[in-house]
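S.K.: Here the protein sequences come in this chain order: A and B.
Heads up, the first sequence is in the working numbering, so the first residue is 1 and it goes up one at a time.
Heads up, the second sequence is in the working numbering, so the first residue is 1 and it goes up one at a time.
One or more of the hints may lead you astray.
[Stated by the list, open to error] Listed below are the simulated DMTMM-like cross-link pairs for lysine to aspartate or glutamate, each with C-alpha atoms no more than 20 Å apart in a straight line: (1) B:Lys32 with A:Glu139; (2) A:Lys328 with B:Glu139; (3) A:Lys5 with B:Glu207; (4) B:Lys138 with A:Asp311; (5) A:Lys328 with B:Glu142; (6) A:Lys240 with B:Glu224; (7) B:Lys250 with A:Glu207; (8) B:Lys240 with A:Glu207; (9) A:Lys281 with B:Glu207; (10) B:Lys281 with A:Asp41; (11) A:Lys138 with B:Asp311; (12) B:Lys32 with A:Glu270; (13) B:Lys326 with A:Glu270; (14) B:Lys32 with A:Asp272; (15) A:Lys32 with B:Glu207; (16) A:Lys192 with A:Glu224; (17) B:Lys240 with A:Asp14; (18) B:Lys32 with A:Glu335; (19) A:Lys32 with B:Glu142; (20) B:Lys32 with A:Glu320; (21) B:Lys328 with A:Glu142; (22) B:Lys250 with A:Asp272; (23) A:Lys32 with B:Asp311; (24) B:Lys285 with A:Glu318; (25) B:Lys328 with A:Glu320; (26) A:Lys5 with B:Asp336.
[What the hints assert, rightly or not] Pairwise CB distance ranges, derived in the manner of DEER restraints: (27) A:Asn38 with B:Glu320: 44 to 50 Å; (28) B:Leu114 with A:Lys328: 50 to 56 Å; (29) A:Gly317 with B:Glu62: 16 to 22 Å; (30) A:Lys110 with B:Lys331: 35 to 41 Å; (31) A:Lys68 with B:Gln283: 32 to 38 Å; (32) B:Phe254 with A:Asn106: 46 to 52 Å; (33) A:Lys87 with B:Pro334: 54 to 60 Å; (34) B:Glu45 with A:Ser75: 24 to 30 Å; (35) A:Lys115 with B:Gly19: 26 to 32 Å; (36) B:Pro334 with A:Lys347: 53 to 59 Å; (37) A:Asn282 with B:Ser288: 46 to 52 Å.
Quick caveat, the hints were computed from the structure, so don't treat them as lab data.
Backbone N, C-alpha and C define an ideal beta-carbon position, used for all residues, glycine too.
Protein chains: 2
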Amino acid sequence: MVMRKKTRVIKVGDVLIGGNNPIPIQSMTNTKTINIQNTVDQIKELIITGCDIIRVAVPDIESAKAIKKIRESISIPLIADIHFDYKLAIEAIKAGADCLRLNPGNIGSKQNVLKVVDVTRERKIPIRIGVNSGSLSKEKIEKYGVTAQGIVESALEHVAILEKANYYEMKISVKASSVPLTIESYRLISEKVNYPLHLGVTEAGTEFSGSIKSSIGIGTLLTEGIGDTIRVSLTANPIKEVLVAKEILKSLGFRKGLDIISCPTCGRTEIDVISMANEIKNQLKEYSEFDLTVAVMGCVVNGPGEAREADFGIAGGEKEGLIFQKGKIIKKAPEDKLIEELVVLIKSNVEK
Amino acid sequence: MVMRKKTRVIKVGDVLIGGNNPIPIQSMTNTKTINIQNTVDQIKELIITGCDIIRVAVPDIESAKAIKKIRESISIPLIADIHFDYKLAIEAIKAGADCLRLNPGNIGSKQNVLKVVDVTRERKIPIRIGVNSGSLSKEKIEKYGVTAQGIVESALEHVAILEKANYYEMKISVKASSVPLTIESYRLISEKVNYPLHLGVTEAGTEFSGSIKSSIGIGTLLTEGIGDTIRVSLTANPIKEVLVAKEILKSLGFRKGLDIISCPTCGRTEIDVISMANEIKNQLKEYSEFDLTVAVMGCVVNGPGEAREADFGIAGGEKEGLIFQKGKIIKKAPEDKLIEELVVLIKSNVEK
Chain A
1 MVMRKKTRVI
11 KVGDVLIGGN
21 NPIPIQSMTN
31 TKTINIQNTV
41 DQIKELIITG
51 CDIIRVAVPD
61 IESAKAIKKI
71 RESISIPLIA
81 DIHFDYKLAI
91 EAIKAGADCL
101 RLNPGNIGSK
111 QNVLKVVDVT
121 RERKIPIRIG
131 VNSGSLSKEK
141 IEKYGVTAQG
151 IVESALEHVA
161 ILEKANYYEM
171 KISVKASSVP
181 LTIESYRLIS
191 EKVNYPLHLG
201 VTEAGTEFSG
211 SIKSSIGIGT
221 LLTEGIGDTI
231 RVSLTANPIK
241 EVLVAKEILK
251 SLGFRKGLDI
261 ISCPTCGRTE
271 IDVISMANEI
281 KNQLKEYSEF
291 DLTVAVMGCV
301 VNGPGEAREA
311 DFGIAGGEKE
321 GLIFQKGKII
331 KKAPEDKLIE
341 ELVVLIKSNV
351 EK
Chain B
1 MVMRKKTRVI
11 KVGDVLIGGN
21 NPIPIQSMTN
31 TKTINIQNTV
41 DQIKELIITG
51 CDIIRVAVPD
61 IESAKAIKKI
71 RESISIPLIA
81 DIHFDYKLAI
91 EAIKAGADCL
101 RLNPGNIGSK
111 QNVLKVVDVT
121 RERKIPIRIG
131 VNSGSLSKEK
141 IEKYGVTAQG
151 IVESALEHVA
161 ILEKANYYEM
171 KISVKASSVP
181 LTIESYRLIS
191 EKVNYPLHLG
201 VTEAGTEFSG
211 SIKSSIGIGT
221 LLTEGIGDTI
231 RVSLTANPIK
241 EVLVAKEILK
251 SLGFRKGLDI
261 ISCPTCGRTE
271 IDVISMANEI
281 KNQLKEYSEF
291 DLTVAVMGCV
301 VNGPGEAREA
311 DFGIAGGEKE
321 GLIFQKGKII
331 KKAPEDKLIE
341 ELVVLIKSNV
351 EK
């Protein structure tokens, strides 16, 4: 339903970003990169959860070198997160990084930039330019304040440096910790460039607040057709970042997946909808990637209507409920058998 | 930063909705309304959490009558949720309901509508017209499918019935369980009417998915200036609905409140940001309604920058960290004293 802006397509490892390509989910490890085993273990867990591209911090030369063994042990592209030191960038690419996160205006002389671009050009390694509200230069803050214009002007300066070196394999992020500022910054840069955009709200906070801030910021932009890859930043286990990102994409129709629609319980509710919805979600885990809508409704007022839209559903009455399939009542069942019968029905109808 | 559409102002109890008024948070009890004590207890807990307006289900005449004692025991306006039976609406108003949720096209004859409007007009009781994707009539589905146009046409029919009776005290909701359909429906109705809009994604699902769907749906619309009151629907304790609603409004600058910005931890992190951010949030609970930004940053790369924007902040180095106030370093402290010293600093600077 959303018309995406057609951006330039770049390639991070074997993942295409931009244009009409699916929107990949990114996350970042929070292990020490030099601790190769821990880092690989975390990445493998993230892959199972649904992470498409992983980023690791590269604060020193040992971390850059560690990328070699990490990259060999994982099945998804790896981005090296570099600040200030161009030598780390070169070392990371030599070790097998598929992309750099690096701001070319912050690595010193033009010479340094050219040294990096020489290597990225040879291997077609894209660079993510990432400007954050928190890392704006004093100069930009004096001229623009911490505004969308300041953030975007700063990003465009970095872009210009790469373009001057005839290098165009890049994606851009313009994150802020304020949601409205994030939205405004991305809207503005989206008008000015055609490079793919990496969406995120930075320093979004704890799991609860951060999920909500990220959902609003990333979600609003995606509904406007802006954004080619996303990262949810949470002060939490990165697994949570991937789960929230998946849910955002699913909510907007960018990914398929099991969708449980369930009513908020109210004074009309005749069955225990809360525990039943959670239990059904749990019992249908193996279908989590399926394009399947299951309704769990507590009463006759909304129940039959919603169940009509869903592939399968239950609607509860007093001590017993109805089981539906695509709007047709299949059977009645007592409350304590409802879930069991629903799950049996789904398993016998949905091929894996 | 967001320009809100200027809608007509209505009054639910003593709460103004629409125009330039603050956006009230609504929730709905999930106790049996006839169980007065449980219902009052739940509402009181919701009020403490931040609920501004409460709705209760009125499935029968006893529930309508129970409103009297409930309303006398609580300090916020109460909305009676009525389906199909106009007598319940009249009884609920007599018992002290401040607003009805009722679709005038679904309560039978024109006579019935006039009987209800006679009573609402006398007491200036507004009516919320609430059309859901799931409760669309067969006729509308045949004509439009389950589309934004179908939902909006259905809502406009109900609106026309009240307008024909010269009654204009109303607000409207056009919820769907699909986020894109919800957004599209509200955008469309917002172009067609000037009544205040009650935002929500219906049957949004369990706490996790429902929070994300609601954040995207409600958040996107609010950033477009659409929406005058919100309800987050979750298949969960309604307390959670209010917490999510507050966070959505806070994220977009519609409410003040303690904002913890904290970095996602990465391989650079030198302090335990996850537990520190949660601990600080916990220790500053009494400041949760204050307009206060506190940064918890794990490293020197982003730390000082973000702490500059925040009112207070800590940035972690190896085994010790820095404490900031409005960009100025106040002191160094060892890791195990960082939170304590930060909280002392905040308490001595922020007047309650």
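S.K.: For each hint, tell me whether it holds in the structure or not.
M.R.: Hints versus structure:
1. B:Lys32 with A:Glu139: 61 Å, violated
2. A:Lys328 with B:Glu139: OK: Lys328 (chain A) and Glu139 (chain B) at ~18 Å, within 20 Å.
3. A:Lys5 with B:Glu207: 32 Å, violated
4. B:Lys138 with A:Asp311: 18 Å, holds
5. A:Lys328 with B:Glu142: Since the Cα atoms of Lys328 (chain A) and Glu142 (chain B) sit roughly 17 Å apart, the hinted pair holds (cutoff 20 Å).
6. A:Lys240 with B:Glu224: 28 Å, violated
7. B:Lys250 with A:Glu207: Holds - the C-alpha atoms of Glu207 (chain A) and Lys250 (chain B) are around 16 Å apart, at most 20 Å.
8. B:Lys240 with A:Glu207: 14 Å, holds
9. A:Lys281 with B:Glu207: At roughly 12 Å apart (the allowed maximum being 20 Å), Glu207 (chain B) and Lys281 (chain A) satisfy the hint.
10. B:Lys281 with A:Asp41: Since the Cα atoms of Lys281 (chain B) and Asp41 (chain A) sit roughly 30 Å apart, the hinted pair is violated (cutoff 20 Å).
11. A:Lys138 with B:Asp311: 18 Å, holds
12. B:Lys32 with A:Glu270: Within the cut-off at roughly 10 Å; holds.
13. B:Lys326 with A:Glu270: 53 Å, violated
14. B:Lys32 with A:Asp272: 13 Å, holds
15. A:Lys32 with B:Glu207: 32 Å, violated
16. A:Lys192 with A:Glu224: 16 Å, holds
17. B:Lys240 with A:Asp14: 41 Å, violated
18. B:Lys32 with A:Glu335: 19 Å, holds
19. A:Lys32 with B:Glu142: 59 Å, violated
20. B:Lys32 with A:Glu320: It holds: about 18 Å lies between the C-alpha atoms, which stays within 20 Å.
21. B:Lys328 with A:Glu142: With a Cα-Cα distance of about 17 Å, the restraint between Lys328 (chain B) and Glu142 (chain A) holds, given a limit of 20 Å.
22. B:Lys250 with A:Asp272: 32 Å, violated
23. A:Lys32 with B:Asp311: Not satisfied, since the Cα-Cα distance of roughly 30 Å exceeds 20 Å.
24. B:Lys285 with A:Glu318: 41 Å, violated
25. B:Lys328 with A:Glu320: Given that 20 Å is the threshold and the Cα spacing comes to 64 Å, the pair is violated.
26. A:Lys5 with B:Asp336: 48 Å, violated
27. A:Asn38 with B:Glu320: 44 to 50 Å: About 24 Å separates the Cβ atoms of Asn38 (chain A) and Glu320 (chain B), which means 44 to 50 Å is violated.
28. B:Leu114 with A:Lys328: 50 to 56 Å: Between Leu114 (chain B) and Lys328 (chain A), where Cβ atoms are some 38 Å apart, the hint is violated.
29. A:Gly317 with B:Glu62: 16 to 22 Å: Holds: the Cβ-Cβ distance is about 19 Å, inside 16 to 22 Å.
30. A:Lys110 with B:Lys331: 35 to 41 Å: 40 Å, holds
31. A:Lys68 with B:Gln283: 32 to 38 Å: With Cβ atoms ~43 Å apart, the hint is violated.
32. B:Phe254 with A:Asn106: 46 to 52 Å: 35 Å, violated
33. A:Lys87 with B:Pro334: 54 to 60 Å: 33 Å, violated
34. B:Glu45 with A:Ser75: 24 to 30 Å: 48 Å, violated
35. A:Lys115 with B:Gly19: 26 to 32 Å: 59 Å, violated
36. B:Pro334 with A:Lys347: 53 to 59 Å: Roughly 56 Å apart at Cβ, these two residues keep to the hinted range, so it holds.
37. A:Asn282 with B:Ser288: 46 to 52 Å: 32 Å, violated
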